[in-house]
Amino acid sequence: MNKKKTMQDKMNRQYFLLIVPGMVIFTIGVILPLLLALRYSFTSWDGMTVEKESVGISNYINLWKDANFRQAWWFTIKFTIANTIVQNVFALLFAVALDSGIKAQKVYRTILFIPCLVSAVIVGFVWLKLYSNVLPELNEIFGTNINFLLFGDGKTVLRGLVIANNWQWIGYWMLIYLAGLQSVPSDLYEAAKVDGASAVQRFFNVTIPMLAPAITICVVGITTGSLKVYDLLVSSTGGGPGRASTSVIQMIYATAISGRQYGYGSAMSVTLVVILLMVAMIQVKGLKSKEVQS
Amino acid sequence: MKKKALSLLLCSAMTVGMLTGCGGSGDDGAANTPAADTVDEAEAPAAAEEADEAEAPAPSTDGEEVTLTVLAGQSTTDAGIEDMIDAALAEKYPNITLEWECTGWDGEFHPKMQQYMQSGLPDIIIGKAQDVNTYASQGLLGEIDATYLDRGLDAARENVTIDGKTYGLVYNALYQGVYYNKTMFAENGWEVPTTQEELQAIIDDCNAKGIVPFASHMVDTWSIGNVTMQFMMNDVFNNTPDWGDQFREGKVSFAEDQAAQTAYSYNKLIFDNTYPETFSTEQTDCDARMVLGEAAMKVSGSWSIQNFLDIDENFDFGIFPFPNQTGDSKLIFEPNIAIMTSAQTEHQDAVNCVLDVLSGDKELAVEILDFTKTASMLKDVAPTFANPSQADIDEYASKGMIVDVTLGNNQLVWGGFQEENAADIAAYLQGDISFEDCLAASDARVGSSSAQ
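In order, the protein sequences belong to chains A and B.
Under the numbering used here, the first residue of the first sequence is numbered 1, with each subsequent residue one higher.
Under the numbering used here, the first residue of the second sequence is numbered 1001, with each subsequent residue one higher.
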C-alpha cells in the first residue's frame, strides 16, 4: 500500500513539474492581465497617466446606458447566430458530400480548406474589392442589376460579412465533421439498413447522434470565434458604414486604445468575458447531453 | 463539474488576456502587463537604460555604432520615406542605424505610443504636430535643439511649442480644401465659389449635366472626420477660436451651436451629391474617378495629389477652401510629419545627428517632399514636383487666407472624439440615427475631446 502511495506521489510530482512551466507562462501572460483588467474596470484610467482613479462600478452602470455598446452587441449577436447556423449546416453538408465517395474528393477538400489558411485581414481586403470592383463588373458583362455593394449599406453589410466569413471558415469546420464522419462505425449504418431505415433516416438517427461531439466542438468554436470577430471587420468595413458592423471587440479596442478610456474599455471586456462564459457553458452543457458513444 | 469550472475559468482568462491586449500580442498589450504596471510607476527609466545599454554602446559622435529606435506613425503618403532617410543618414553618419517601426498614424500609432509609454519610448517618434500636445504634456518628449528648429519655418513652431519649449520638428505640410478639375470648371464656365450659394449653383449645374459634383470615399470613416474638421475650422473655429475649450466648459454644444450644426450638415450636402456607392468606394478608386472626369470636385487634402498624379501626371487641378456661411473661408493648412524625440533617450548625440540630417539635408528634403507631394516646412527648401494646385495655394497664402488646422485638432482630438463623431455622422448619413442623435452623441463624448 505504502509502495503504491509512494509511486503515486512520484507520479504526482512529475505531473506537477510538467505543468509548472506552462502554468508560470499562463499566469504571467493571462491570469495576471485578467486580474489587472478587472481592476482597471473600476477605474477611469486613460491608459497613459500613472493615476488610476477609482470610480467604483460607474463604468458598468454607464455600459447599460451606452447605445453604441448595445448596438455593437446587437451586431455581434446577429453575426454570431448567422455564422453558427450557416457554417455548421454547410460544413456538415460538404463533409457528408465528401464522405460519400465522390471522385476527386481530395481536390474539393483542398479547395474548400485553402481560404482558412489566409489571414482574416486579407480576406477582408479581398471581399471589399470583390464587392466594390470585381462583382459589379459582372453586372456590366451580363447586363444584370444585382446589388453587390453589400459593404456599402448598413442593411446589407451583415450579409456581406457573413458570406466572407463563411467562405473562409466552412472548409475548416468541414474537416472536423469529416473526421467525425469517418470515425462512425459502418456496422451502425448496416444495422440501420437491415432495419429498413432510409438514407434520410440513417442521417438523422445514426450520423447526427454519432457526430454530436464534433457538433459540440464546431458550435462552440464558431460561436466564440464569431463573438470575438475583429480582424475581418477592420480590413473590410472598418465597423461601418456608420456603426452598422462594429463588433464588441472593435468597440473595446476603439474605446480603450484609440479613445484613451482604458477603464471603460476594460469594463466592456469583462462584460464580454462573462457573456462568453455563459454562452460556452450553456452550449457545452446542452450539447454534451446529446452526445452518444459508439 | 470541477473540471468544467476550471476549463471555463481558463478559457475566460485567455479571452480577457487577449481582449486587454496582454496575451502575447506585441501590438498593444504592454499597458496591462504586470511589468508594465510596475514600470509606469517607478522603473521605466531604469528599464529603458538597461535595455539601451545592452543594445547600443555609446553616442555616435565618436564614431561608435549606434542603433536608434524609431516609431513612425505615417500618413498614407509617407510609406517609403524611411528608406530615403536611411540612405541619407548612411552617407553622413554611417555609424548610426535606424531601427524603424512604421505604422499608420490613424491606426496603430497611438496604441503603440501607449505601449511604449509603459516600457520606454523609442529614441525618435515621427507623428503629426498635434501629437506634441498629447505626449509632451505627459513629460515624454525631449526638447528639440534650436540648431535644428532654426532650419524650419517659424510658422511651424507655434503648435509644437508648450510653455516656451518646442518638442517637434515639423517637416512638411498638407493643404486641405476642395480639389477641383480645372478643365471641367473651364469647360462649364464655373468660377471658384466663395459662398454656399455659388457652390450650390455649381452643384446644380453638375446635376443638370449628369456630372457627379463631389468625389468621395465614405467607406473610409476617417475621410468623413477629416472633412468635418475642415468644415468646423471655417464655420466654427474661424469665429470662435477657443470653441473646443468652451465646449468642455459647457458654454457651447453641438446640439445648440448653429455653426457646429452647419458644419456637420455639409456632410449631407456631399453625401447627396456624390457617388451613390460612396460607402463602397475606396480612396484610390475615388481619386481615379476624379481624374477620369467622373466628378468635378473632391473635399480632401494633399494626400490625394499623390494619387492624382500617379494616375495621370497631366491632370490639371486646383484647390479652394470649402465655402462657409460667411463667405470668408480659408484654405486649411496641416503640419504633417513632426519629428519628436524621447525625453529619456540615452543617445541624444546620435538623435541630434538624425535631426541634423532631417533638417539640414536639402536633397533628402526635396526627395521626400516630391515623393509625398507635400509642402516644405524647412527654410529654403521647395519641392520640385509640378503641383497644379500650387498657384491657388500661393494666392490664398498671399491673401492671408490660410489657417492651421492644428488649432482645431488640439482642442478636439482625433482619437476617441473626431474619429467617433465621424462614425456617428456616417450612421446619420446612412439613416441609422437622426441628426439630433448625431449631435447629442458628440456632446456626450465631451470627456474624450481633449488629450489632457
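Keep in mind that a hint or two might mislead.
[As the list claims (entries may be wrong)] Keeping only pairs whose Cα atoms sit at most 27 Å apart, straight-line, the calculated DSS-like set for lysine-lysine is:
#1 A:Lys285 to A:Lys129
#2 B:Lys1182 to B:Lys1379
#3 A:Lys129 to B:Lys1268
#4 B:Lys1379 to B:Lys1092
#5 A:Lys65 to A:Lys228
#6 B:Lys1379 to B:Lys1399
#7 B:Lys1182 to A:Lys65
#8 A:Lys228 to A:Lys193
#9 A:Lys155 to B:Lys1092
[What the hints assert, rightly or not] Cβ-Cβ distance ranges computed for the label pairs, FRET-style:
#10 B:Asp1150 to A:Leu138: 35 to 45 Å
#11 A:Leu38 to B:Glu1158: 36 to 46 Å
#12 A:Trp74 to B:Gln1258: 49 to 59 Å
#13 B:Gly1210 to A:Leu138: 43 to 53 Å
#14 B:Glu1249 to A:Trp74: 27 to 37 Å
#15 B:Asp1310 to A:Ile114: 47 to 57 Å
#16 A:Glu137 to B:Ile1311: 51 to 61 Å
#17 A:Ile61 to B:Lys1165: 33 to 43 Å
#18 A:Ile282 to B:Glu1065: 37 to 47 Å
Bear in mind the hints are in silico, worked out from the structure with no lab data behind them.
Glycine included, C-beta positions come from ideal geometry on N, C-alpha and C.
Structure-based check of all given hints:
1. A:Lys285 to A:Lys129: Violated - the C-alpha atoms of Lys129 of chain A and Lys285 of chain A are around 41 Å apart, more than 27 Å.
2. B:Lys1182 to B:Lys1379: 30 Å, violated
3. A:Lys129 to B:Lys1268: 26 Å, holds
4. B:Lys1379 to B:Lys1092: Between Lys1379 of chain B and Lys1092 of chain B the Cα gap is close to 20 Å, so the pair holds against 27 Å.
5. A:Lys65 to A:Lys228: OK: Lys65 of chain A and Lys228 of chain A at ~22 Å, within 27 Å.
6. B:Lys1379 to B:Lys1399: Roughly 21 Å between the alpha carbons, so the hint for Lys1379 of chain B and Lys1399 of chain B holds.
7. B:Lys1182 to A:Lys65: 50 Å, violated
8. A:Lys228 to A:Lys193: 43 Å, violated
9. A:Lys155 to B:Lys1092: 57 Å, violated
10. B:Asp1150 to A:Leu138: 35 to 45 Å: Violated: the Cβ-Cβ distance is about 60 Å, outside 35 to 45 Å.
11. A:Leu38 to B:Glu1158: 36 to 46 Å: Cβ of Leu38 of chain A to Cβ of Glu1158 of chain B: about 44 Å, so the range 36 to 46 Å holds.
12. A:Trp74 to B:Gln1258: 49 to 59 Å: At 33 Å between Cβs, range violated.
13. B:Gly1210 to A:Leu138: 43 to 53 Å: 24 Å, violated
14. B:Glu1249 to A:Trp74: 27 to 37 Å: This hint holds: roughly 35 Å between Cβ atoms.
15. B:Asp1310 to A:Ile114: 47 to 57 Å: For Asp1310 of chain B and Ile114 of chain A the Cβ distance comes to about 33 Å; the hint is violated.
16. A:Glu137 to B:Ile1311: 51 to 61 Å: 19 Å, violated
17. A:Ile61 to B:Lys1165: 33 to 43 Å: Distance hint for Ile61 of chain A, Lys1165 of chain B holds at roughly 41 Å.
18. A:Ile282 to B:Glu1065: 37 to 47 Å: Violated, since Ile282 of chain A and Glu1065 of chain B (Cβ atoms, about 60 Å apart) do not stay within the stated range.
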